[in-house]
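Colleague: First to last, the protein sequences are chains U, X, F, Z, Y and E. Residues in the first sequence are numbered from 1 upward in steps of one, following this note's numbering. Residues in the second sequence are numbered from 239 upward in steps of one, following this note's numbering. Residues in the third sequence are numbered from 477 upward in steps of one, following this note's numbering. Residues in the fourth sequence are numbered from 715 upward in steps of one, following this note's numbering. Residues in the fifth sequence are numbered from 953 upward in steps of one, following this note's numbering. Residues in the sixth sequence are numbered from 1191 upward in steps of one, following this note's numbering.
Quick caveat, the hints were computed from the structure, so don't treat them as lab data. Misleading hints may appear alongside valid ones.
What the hints assert, rightly or not - Each pair of labels, with its calculated beta carbon distance range: (1) Ala465(X) - Lys48(U): 42 to 50 Å; (2) Gly580(F) - Lys48(U): 23 to 31 Å; (3) Glu719(Z) - Gly997(Y): 46 to 54 Å; (4) Gly379(X) - Asp671(F): 53 to 61 Å; (5) Met715(Z) - Asp671(F): 29 to 37 Å; (6) Gly283(X) - Gly1397(E): 49 to 57 Å.
What the hints assert, rightly or not - Listed below are the simulated DSS-like cross-link pairs for lysine-lysine, each with C-alpha atoms no more than 30 Å apart in a straight line: (7) Lys1238(E) - Lys1268(E); (8) Lys792(Z) - Lys1000(Y); (9) Lys78(U) - Lys288(X); (10) Lys792(Z) - Lys1030(Y); (11) Lys728(Z) - Lys979(Y); (12) Lys524(F) - Lys1002(Y); (13) Lys1238(E) - Lys286(X); (14) Lys78(U) - Lys48(U); (15) Lys14(U) - Lys1217(E); (16) Lys1000(Y) - Lys1268(E); (17) Lys286(X) - Lys1240(E); (18) Lys1000(Y) - Lys524(F); (19) Lys1217(E) - Lys1204(E); (20) Lys78(U) - Lys27(U); (21) Lys316(X) - Lys524(F); (22) Lys50(U) - Lys1000(Y); (23) Lys316(X) - Lys554(F); (24) Lys288(X) - Lys1238(E); (25) Lys490(F) - Lys252(X); (26) Lys762(Z) - Lys792(Z); (27) Lys490(F) - Lys265(X); (28) Lys554(F) - Lys762(Z); (29) Lys265(X) - Lys503(F); (30) Lys265(X) - Lys252(X); (31) Lys762(Z) - Lys1240(E); (32) Lys1268(E) - Lys1030(Y); (33) Lys1238(E) - Lys762(Z); (34) Lys1268(E) - Lys554(F); (35) Lys764(Z) - Lys554(F); (36) Lys286(X) - Lys78(U); (37) Lys48(U) - Lys526(F); (38) Lys1030(Y) - Lys316(X); (39) Lys728(Z) - Lys741(Z); (40) Lys764(Z) - Lys1238(E).
Please read these numbers as outputs of a predicted model, since none were measured by experiment. Each residue gets a CB set at the ideal place from its N, CA and C atoms; glycine is no exception.
Number of protein chains: 6
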Amino acid sequence: MRQNEELRPFGLEKGVQLHASGSCLIKVGRTHVLCAANLEDRVPGWMKGKGSGWLTAEYGMLPSATHTRSDREAARGKQQGRTVEIQRLIGRSLRQAVDLAALGERTLTVDCDVLNADGGTRCAAITGAWVAVALALRSQGLEAALVRQVAAVSAGIVETGEGRRGLVLDLEYEEDHLAAVDCNLVAARPALGGDLELVELQGTGEGRSFSRSEATGLLDLGLAGCAALMEAQRAALE
Amino acid sequence: MRQNEELRPFGLEKGVQLHASGSCLIKVGRTHVLCAANLEDRVPGWMKGKGSGWLTAEYGMLPSATHTRSDREAARGKQQGRTVEIQRLIGRSLRQAVDLAALGERTLTVDCDVLNADGGTRCAAITGAWVAVALALRSQGLEAALVRQVAAVSAGIVETGEGRRGLVLDLEYEEDHLAAVDCNLVAARPALGGDLELVELQGTGEGRSFSRSEATGLLDLGLAGCAALMEAQRAALE
Amino acid sequence: MRQNEELRPFGLEKGVQLHASGSCLIKVGRTHVLCAANLEDRVPGWMKGKGSGWLTAEYGMLPSATHTRSDREAARGKQQGRTVEIQRLIGRSLRQAVDLAALGERTLTVDCDVLNADGGTRCAAITGAWVAVALALRSQGLEAALVRQVAAVSAGIVETGEGRRGLVLDLEYEEDHLAAVDCNLVAARPALGGDLELVELQGTGEGRSFSRSEATGLLDLGLAGCAALMEAQRAALE
Amino acid sequence: MRQNEELRPFGLEKGVQLHASGSCLIKVGRTHVLCAANLEDRVPGWMKGKGSGWLTAEYGMLPSATHTRSDREAARGKQQGRTVEIQRLIGRSLRQAVDLAALGERTLTVDCDVLNADGGTRCAAITGAWVAVALALRSQGLEAALVRQVAAVSAGIVETGEGRRGLVLDLEYEEDHLAAVDCNLVAARPALGGDLELVELQGTGEGRSFSRSEATGLLDLGLAGCAALMEAQRAALE
Amino acid sequence: MRQNEELRPFGLEKGVQLHASGSCLIKVGRTHVLCAANLEDRVPGWMKGKGSGWLTAEYGMLPSATHTRSDREAARGKQQGRTVEIQRLIGRSLRQAVDLAALGERTLTVDCDVLNADGGTRCAAITGAWVAVALALRSQGLEAALVRQVAAVSAGIVETGEGRRGLVLDLEYEEDHLAAVDCNLVAARPALGGDLELVELQGTGEGRSFSRSEATGLLDLGLAGCAALMEAQRAALE
Amino acid sequence: MRQNEELRPFGLEKGVQLHASGSCLIKVGRTHVLCAANLEDRVPGWMKGKGSGWLTAEYGMLPSATHTRSDREAARGKQQGRTVEIQRLIGRSLRQAVDLAALGERTLTVDCDVLNADGGTRCAAITGAWVAVALALRSQGLEAALVRQVAAVSAGIVETGEGRRGLVLDLEYEEDHLAAVDCNLVAARPALGGDLELVELQGTGEGRSFSRSEATGLLDLGLAGCAALMEAQRAALE
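Here chain U stands alone, though its shape is the one from the complex (with noise of 0.2 Å):
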């Protein structure tokens, strides 16, 4: 059985994506996402004239990418409130990690799509984008625009199943389905090194409240397993 503070196998596989900029397919156990980036000549019309870009991401799923046939949002003609959610979640933090006014008047659009879902998809997405977006970058010539390194993972309490107990790093469906508390924690440091720190927090109590003390348990678990996707984010891109 995995130790509570231990992440899934993980890998980063480039390039899947023949015609985007940059492209990544990240596998965190049994969780399998297509990320990928391109620059687009063109910022929405609120940042029209301003010099500066955007970064924007979109989040799909595959229907068979869940236990059950999940519907096609593209065939019920409206993306689902979670997708929404996960999308803007993904969107924001990425744009930590852009010098925006770098871009020029250029949007580094972002997609996620999940093949395989089995738990923490939108932490996998981001960790996995962030590499999309540094190829995207640098097949531009723009690697100066990358100045943080940006990484997510979820950690959460478990008080019943036959599984790990406690407070857990990196939560597969099964876990999740049962956590008492659920935690996606996205982090960041500078480009050229330093310390980790926080870019987005996000618990939540699933049938009781936690206490002050259980969530910085869950914050340290978090930033630790954020180090660790880092490293392979590095590897990957040398």
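Once you have looked at the hints, place chains X, F, Z, Y and E on chain U.
Modeller: This is chains X, F, Z, Y and E only, laid out in the frame that chain U set:
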């Protein structure tokens, strides 16, 4: 000038919506939110036959609630991502307040409509809606289903501008706009009294990351703010 | 019991929406409508380059405004036919109040949101919105563009039930439900004073037809009601 | 030049739609509307189990029906406000013609599609659709459910232009465009004969208000026009 | 009984839509389609600045055109997959008829609306719309842009039922329903005369596959049918 | 350079989607499509109570699958006409492979998602999805319901460009773009072996028409290509 740990003047007015089972107009400074709760004899399809109830929340802003008029979502035919994200947060938070099994197969529908927006509308909505929920349950003789008290407040780190600086509680629009770090915190305590804990914690770095100690500082500030709001909620119900 | 030709108690409260150019909360009995007017620096595409302005109106109901909660139109993704019909009526009526050429290429956008509904919401919306429009024009130094005063009221023929019978003015929900004939009447007079005339007359037989003399009876009742409402509008602006 | 109180030449052709229970192509001058009525074995959800029937109407315009091609509503994914308003009027008007209880739990669906538009399409639609409804009821042996005869016409006040001036009946597009006051009037009389009365009266000032005596003038003109149309309806059914 | 290689009786009536640049009502047996063509001074965004024109087609069915009434697509807010597929076919087929460069930056918009459906509506639409396009171009002095003549017909293999059996031309609804193989064929020849060739060939096995020789048999049947239709098109234009 | 009658290198990888009943990643040159099949315990409304099953297909492209990023259909809220047309073709083709009565009242839902697009995505989707369907049926012990083998390929006539010329098999994007005639061909043979026949044939002239003999030439080329693909399908299943 307001102190860093000081809430804006606030008030709770009951019964403003004549037909709702419970309603409350909350005013936090210049942020005014009309909250209503209604008990309906239905549950979502996926809950049918389980004998348990549900709580769902919807959030909206009147077009003239903002500094410049915003589009009416009903006319655009689509709720914005921000709206969807906020109503999911309100729903999750208030489900912590209610023993859903005690409702039977009924749905508590919470509506939060912003009449005037000056920062902190989602937190005001949660705080006011808890009062509307309590009134609705009381009107149906279901007080026993109200198992926790829930309130919410924002906190943030402001480093520029003419006003408050540093870690500040309950940001108004102008401060929110300037904040380098922004945090929404929802707290709960047992209905019969007890310690205040967290049910939601959402911190975001806007332009910079934040350290573990800044995170705990915001958390402490927010818990203190929620304690004061909970006293006002209690008073309003008596 | 109210007399057949008697209006419900009513009042007009200015300035409830802090950011609107003009706003007015109108209460007619238990029907409460929040009206706002904003002047925006744009005109619809088909009006560009003509040097003239436009006035458009939107109408909505808070879900808890009705006896049983109604669906939120923004969540359903579509405005109901009734909503569309009402906002077209409000817009047409108020365009009779304003000299659009005097606005230049600007749009007066009127929002009418029903907080509590007890019959006559469209008429209350027109009467209250006229005050909001007057305040918005005044705040921009455009009083001269206000060329007519506009107010609206309902009248109908009730033949059953415990309450008023015959031709009655200003129907509340219960009466409206029972009415065999239902009429909404919008009246106008020159801003500087003069005779009251009609700008909209919408009569509908609900279950029976109505004669020419019944039609003129309703019309006379409505004109008298509008005259009283116009006095209150004038008083509110002073 | 046509007299002020003169209708355009008109005709009613039955059976143009081969599969409809009843159909009628009405031509009023250059305004041509194809009307069909079908009886379906269902009622809207809110009517189920009441043993009574319903009548609903839909209205559309072929894109090439207008002077310049208009957008196809099915392609835009949305019916215009004008369309919604018109189909509500047609439905309300024709429900006065039918004893809904006599239908049992069935719905009469009326379709009015404008092939050519030259003013007065909503009135032509009502007049033609009444014939389609009568044919549909007859084809099902339900003549007894047809309790009233219904027809509609427009009238208005024209003060400029080269053509007719003053109070005029049955406006064509050019006159409608110029009209200072525009009125649509739907009249009914018992199926077995009797006096003509009103079921809908919709008068609108376009640029000016209108007096009580102008209103009654338009009303008298419209009632006379409807009487002539009703004779033609009767003849078409024999 | 009709011979296997025999078309239904058909006719082409010009000018039914009074405001269209060109219009044609085509009747093929009990299938009746109203076709119109209009030349508009705009091209799609992706064609701007290329100096060339475009042709686009839209297709619809009146709700009462079918054996049992079908939903109105404008009311459902969505065109069906079948509709989209058909209007793409009509557009592709007619673009073969027109020298788009000769139009300049203008769009020919073709509307095909089915009044009565009894099989073969898409083929009748193409055949009738070609006449409407020819009339529209002639009305603008653009005859030279009409470079090819285009017509369409169906053919199929019927193996059951009371009627025609084997390879049959121009299927009516009942035959189409029974057909084991169904083929739509669009043919073209140069405007100034010349050999008939194919521009679209769409064959589908419905319940069984079909051999190479069956495919060529259907193709020969269809080409012969198109030749006859083209003579009628020519006659209609003279 | 590839021969005119030569397929691109291709491969079929099973089991890529962990939760699907059957899945297959098909790679045809640089065109990569992820196909999945799931058996669900429901049928569309119009099939209920008939004791028979259904097969439906959905098709999508990841935004980064194309040379320049394309819009996400879920975000636009609408599937494009091209998407709708393709998923209808996939569904019709695969329904020829399955004995729907043998499924009972269950639906096989096929998802085809393009990861990389370089021409021929709809044909690759059909060929790969047949493998996914076979795996899904096998996993449920329903091999007997698989009555035919189905595969698809494109062929076309290329007359310009640097590459292959004349009648060519299996067009890549660049060739497809240049092709004067473009044909998609779906072939089937009995599951237990037998002759290859057609189930779908869709030929389109792009800028010119094509003769009867060109049509049969494309048809022969396509049938030969399908035979080769079917061998690979068989091998993948063993």
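Colleague: For each hint, tell me whether it holds in the structure or not.
Modeller: Hints versus structure:
At about 46 Å, the CB distance of Ala465(X) to Lys48(U) agrees with the hint of 42 to 50 Å. Checking the proposed 23 to 31 Å range against Gly580(F) and Lys48(U) shows it holds: the Cβ atoms sit about 25 Å from each other. Checked against the hint of 46 to 54 Å, the C-beta distance between Glu719(Z) and Gly997(Y) comes to roughly 51 Å, which is consistent with it. Separation of Gly379(X) from Asp671(F) is about 58 Å and conforms to the stated range, judged on CB atoms against 53 to 61 Å.
Against the hinted window of 29 to 37 Å, the Cβ-Cβ separation of Met715(Z) and Asp671(F) comes to about 33 Å, which satisfies the hint. Restraint check, Gly283(X) to Gly1397(E): a C-beta distance of roughly 51 Å satisfies the suggested window 49 to 57 Å. Straight-line distance between C-alpha atoms of Lys1238(E) and Lys1268(E) comes to about 28 Å, which keeps the hinted pair within the 30 Å bound. A threshold of 30 Å between alpha carbons decides the hint, and for Lys792(Z) with Lys1000(Y) the separation of about 27 Å falls inside it, so the pair holds.
At roughly 28 Å between alpha-carbon atoms, Lys78(U) and Lys288(X) fall within 30 Å of each other, so this suggested pair holds. For the hint linking Lys792(Z) to Lys1030(Y), the alpha-carbon distance of about 8 Å falls within 30 Å, and the restraint holds. At most 30 Å may separate the alpha-carbon atoms for a hinted pair to count; Lys728(Z) and Lys979(Y) meet this at roughly 18 Å. The suggested pairing of Lys524(F) with Lys1002(Y) holds, with an alpha-carbon distance near 27 Å, which does not exceed 30 Å.
For the proposed pair Lys1238(E) and Lys286(X), the alpha carbon gap of about 22 Å is at most 30 Å, so the pair holds. Our distance criterion of 30 Å between C-alpha atoms is met by Lys78(U) and Lys48(U), whose separation comes to about 28 Å. Distance hint between Lys14(U) and Lys1217(E) is fulfilled; the C-alpha atoms sit about 18 Å from each other, no more than 30 Å. Our distance criterion of 30 Å between C-alpha atoms is met by Lys1000(Y) and Lys1268(E), whose separation comes to about 24 Å.
With a CA separation close to 27 Å, the supplied pair Lys286(X) and Lys1240(E) stays within the 30 Å bound. Taking the CA atoms of Lys1000(Y) and Lys524(F), the gap is near 22 Å; set against the 30 Å cutoff, the hint holds. The hinted pair formed by Lys1217(E) and Lys1204(E) meets the criterion: a straight-line CA distance of about 12 Å does not exceed 30 Å. For a cut-off of 30 Å, the pair hint linking Lys78(U) to Lys27(U) stands: about 27 Å separates their Cα positions.
Taking the CA atoms of Lys316(X) and Lys524(F), the gap is about 27 Å. The hint holds against a cut of 30 Å. Of the pairs offered as hints, the one joining Lys50(U) and Lys1000(Y) holds, with about 27 Å between alpha carbons and a cut-off of 30 Å not exceeded. Pair hint Lys316(X) plus Lys554(F) holds up; C-alpha atoms about 8 Å apart against a cutoff of 30 Å. Of the supplied pair hints, the one linking Lys288(X) and Lys1238(E) holds, its CA atoms being roughly 26 Å apart against a limit of 30 Å.
Only pairs whose Cα atoms come within 30 Å are accepted, and Lys490(F) paired with Lys252(X) is accepted, the gap being roughly 21 Å. Proposed proximity of Lys762(Z) and Lys792(Z) is supported: the alpha carbons are some 28 Å apart, at most 30 Å. Distance hint between Lys490(F) and Lys265(X) is fulfilled; the C-alpha atoms sit about 18 Å from each other, no more than 30 Å. Annotation: proposed proximity of Lys554(F) to Lys762(Z) holds, straight-line Cα distance about 24 Å (limit 30 Å).
Proposed proximity of Lys265(X) and Lys503(F) is supported: the alpha carbons are some 21 Å apart, at most 30 Å. Among the hinted pairs, Lys265(X) with Lys252(X) is consistent with the structure: their alpha-carbon atoms are about 12 Å apart, no more than 30 Å. Restraint check: the Cα-Cα separation between Lys762(Z) and Lys1240(E) comes to about 26 Å, which is no more than 30 Å; the hinted pair holds. A distance of roughly 9 Å separates the Cα atoms of Lys1268(E) and Lys1030(Y); the hinted pair therefore holds under the 30 Å criterion.
Between Lys1238(E) and Lys762(Z), the direct Cα distance comes to roughly 22 Å. Compliance with the 30 Å bound is thereby established for this hinted pair. Of the supplied pair hints, the one linking Lys1268(E) and Lys554(F) holds, its CA atoms being roughly 16 Å apart against a limit of 30 Å. Using a Cα cut-off of 30 Å, the hinted pair Lys764(Z) and Lys554(F) holds, with the two alpha carbons roughly 28 Å apart. For the proposed pair Lys286(X) and Lys78(U), the alpha carbon gap of about 24 Å is at most 30 Å, so the pair holds.
Simply put, Lys48(U) and Lys526(F) have alpha-carbon atoms about 27 Å apart, close enough for the 30 Å limit, and the pair holds. Among the hinted pairs, Lys1030(Y) with Lys316(X) is consistent with the structure: their alpha-carbon atoms are about 16 Å apart, no more than 30 Å. The suggested pairing of Lys728(Z) with Lys741(Z) holds, with an alpha-carbon distance near 12 Å, which does not exceed 30 Å. Proximity of Lys764(Z) to Lys1238(E) is assessed by CA-CA distance (about 26 Å); at most 30 Å being required, the pair is judged to hold.
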